[in-house]
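Asks: So the chains spell out like this:
2 protein chains.
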Amino acid sequence: MDFAARRLRAAEALAATEADRLLVTPLVNVRWLTGFTGSNAVATLTTDGTAVLLTDGRYRDQAQAECPGVEVMVGRDLEGMAATTAADARWAVETHEMTVDTHRQFVAYLTQEPIASGRLIETLRVVKDVDEVELLRRACEISVAALMAIWEGPLVGRTEREVARDLERRMVDLGADGVAFDTICAAGENSAIPHHQPSDRELRRGDLLKIDFGALVAGYHADCTRTVVLGAAADWQREIHAAVLQAQSLGVSMLRTDVTPAEIDAAVRADLETGGWTEHFTTGLGHGVGLQIHEDPFFGPHQTGRLTDRTVVTMEPGIYLVGRGGVRIEDTVCVTPNGPEVLTPAPTNLLEIG
Amino acid sequence: MDFAARRLRAAEALAATEADRLLVTPLVNVRWLTGFTGSNAVATLTTDGTAVLLTDGRYRDQAQAECPGVEVMVGRDLEGMAATTAADARWAVETHEMTVDTHRQFVAYLTQEPIASGRLIETLRVVKDVDEVELLRRACEISVAALMAIWEGPLVGRTEREVARDLERRMVDLGADGVAFDTICAAGENSAIPHHQPSDRELRRGDLLKIDFGALVAGYHADCTRTVVLGAAADWQREIHAAVLQAQSLGVSMLRTDVTPAEIDAAVRADLETGGWTEHFTTGLGHGVGLQIHEDPFFGPHQTGRLTDRTVVTMEPGIYLVGRGGVRIEDTVCVTPNGPEVLTPAPTNLLEIG
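Residue numbers (our numbering), protein chains in the order written: chain A, 1 to 354; chain B, 355 to 708.
Among the clues, some could well be false.
Residues of chain B placed beyond 12 Å of chain A at every Cβ, according to the derived structure [as the list claims (entries may be wrong)]:
(1) ALA359
(2) ARG360
(3) GLY532
(4) MET608
(5) GLU695
(6) PRO699
Derived contacts from chain B toward chain A, CB cut-off under 8 Å, selection only [said to hold, decoys possible]:
(7) MET452
(8) THR453
(9) ASP520
(10) ARG524
(11) VAL526
If you're looking for bench data, these hints aren't it; they were derived computationally from the structure.
A virtual CB, placed ideally from N, CA and C, is assigned to each residue, including glycine.
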């Protein structure tokens, strides 16, 4: 990872604001900017790309090892220490993440009121480095391999919870550091609950089985959903699966540079509406994924930023019929100059397995 | 869990402030107050104990199922919806957790400036319900059982990472929902790094092996550390282990009602200082544990609140000799009328295993 190059890009964005110093407070932004992976730190950045990492004594050695080219300061009141490095500066702070109390304490050290940085770092994080794409690809490969193993069965007769734990274990066996988020494994009527928690319900023949899951590799998150039928599919299951698959394929095909998330959102919804399904599509269409499982850009009617090369997002339409069952199909996709690269290439056709 | 009783306690605390409504924004506080376990919600509370849960459409059914006796509202701008339920009220908000931007948006809906609630909910969370202690006990039992299995070996020749993953898997096999935090497994010189991340370093004869880990059960976290020697212990290893064990035993013995964390902190540091070790004790002595791995009360020289029945905390002194090795011994302990109940009763004497 070329953290120095990231700091230069961030410094350039900072220079375009009224501020000359940036205080970075969310750990995930600190990590992106410096490489630091511990649980407590803030960072400062100046318009020439110089960064300081401030952490507590537990992390002194780790910070120095992980953050070459970054000065490390150790103490307890991290924001106060940061402020006193340049109390007269015009600071930008991440008011969308910083707490009211921390902001008040920080301001007390300064001679000028800080400005809001907005999502300066988050916006830069949208475009992944080549190294980041490689880690996402690896996390997705592990996820797909684990799912294929689970699909070999047996499935009928096991509980949602057992299948979820088995899938998670296989990801770790395949090299994941852990799971990217709490696995959703939802059978039958539970598949209609978008974010169902795995329960002791047994999987039965005739159930839709929806699994939403992903591996975590070196801080990077995979995100994939597939829905299959246990045994032979009923007509209504085929119908909603076909509608979701058509919408999802359309959405993936539109993940190209210079397209806006809003255009894709509108097109996918229009496609679902031809079957009258949009009222049953109650979740978001997709989101960026990287150091966080949900990050910029988010899909929705008001997203105006255009997709660029090496933006990694999910595409995940669904139809949820309350009390009956639901289907979601989700891929993690990297936008490239040659079009969308699906990082989670597990089969999307309707499998009847068991 | 008797959530209605918790809401009455919180309402009583709210009534003692200048506010008549509380906006609860950290998910863990929402969960404690209502039982809701999803990933997006806020809650409101009035001085008669009435609560409203506000979440998005994904969680409508789950919220209604998990939160009996609580009105559920569904939408996107959760804070805005909350404000409009009582725009003229005097609100208390959690400024230690609420972001600057959310606060600004919330205030825009109100006719009166909100006040800071302080750590109203966190303070109530310090004293656990009987049901919460039972879940913590279960999480700790699983943790200890998994550690004992790991100690049976083999250990020498495996990597830190392999041992950490094996331990985590055993906890899930024993019924954990997952891990309470990233497992620390640190061998030899790495044991001197308080928060070392498991690496590909192989465990060797003569190494100190420090493992800090815990199981997660129904949202409740276990936290336990043990340090052993692989093979025969050297004199310096025996010396620091004995010093830590003496300090840790003293600390545990003092975990009684009406004692303050500051008194315990001072006593344990004085004990370590008799051997000249305090300069090598660079971490905190302990913290509350429950729905969060680190929660109130925190041990330190300025903590004045007295321990009460069913407060659950860790006790974890350590000595870290940079470049050589370190020892930490940590238990999760419940304060009871009969004295400290150690929830993680794995052996603390210096084991020479392999």
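Asks: Hey, does PRO699(B) actually stay past 12 Å from chain A on C-beta?
Replies: holds, 27 Å
Asks: In terms of Cβ atoms, is chain A entirely out of 12 Å range of GLU695(B)?
Replies: holds, 28 Å
Asks: Does ALA359(B) clear chain A by more than 12 Å, comparing its Cβ with all Cβ atoms of that chain?
Replies: holds, 25 Å
Asks: Can ARG524(B) be said to touch chain A, with a Cβ gap under 8 Å?
Replies: violated, 11 Å
Asks: With a cut-off of 8 Å, does the beta carbon of VAL526(B) approach a beta carbon of chain A closely enough for the hint to hold?
Replies: holds, 6 Å
Asks: Examine each Cβ of chain A, and state whether all of them lie more than 12 Å from the Cβ of GLY532(B).
Replies: Non-interface label on GLY532(B) violated, nearest chain A Cβ at 8 Å vs cutoff 12 Å.
Asks: Run the C-beta distances from ARG360(B) to all of chain A and say if the shortest one exceeds 12 Å.
Replies: holds, 22 Å
Asks: Compute the least Cβ-Cβ separation between MET608(B) and chain A, then decide whether it is above 12 Å.
Replies: The claim stands: MET608(B) keeps its Cβ more than 12 Å from every Cβ of chain A (closest is about 24 Å).
Asks: Verify the interface restraint on MET452(B): the C-beta must sit less than 8 Å from at least one C-beta of chain A.
Replies: Holds. Min distance 5 Å.
Asks: May I ask you to test the interface hint for ASP520(B) with respect to chain A, counting a Cβ-Cβ separation under 8 Å as satisfied?
Replies: violated, 10 Å
Asks: With a cut-off of 8 Å on the beta carbons, see whether THR453(B) makes it to chain A.
Replies: With a minimum Cβ separation of about 6 Å from chain A (threshold 8 Å), the hint on THR453(B) holds.
Checked against the numbered hints above, the structure breaks hints 3, 9, 10 and satisfies the rest.
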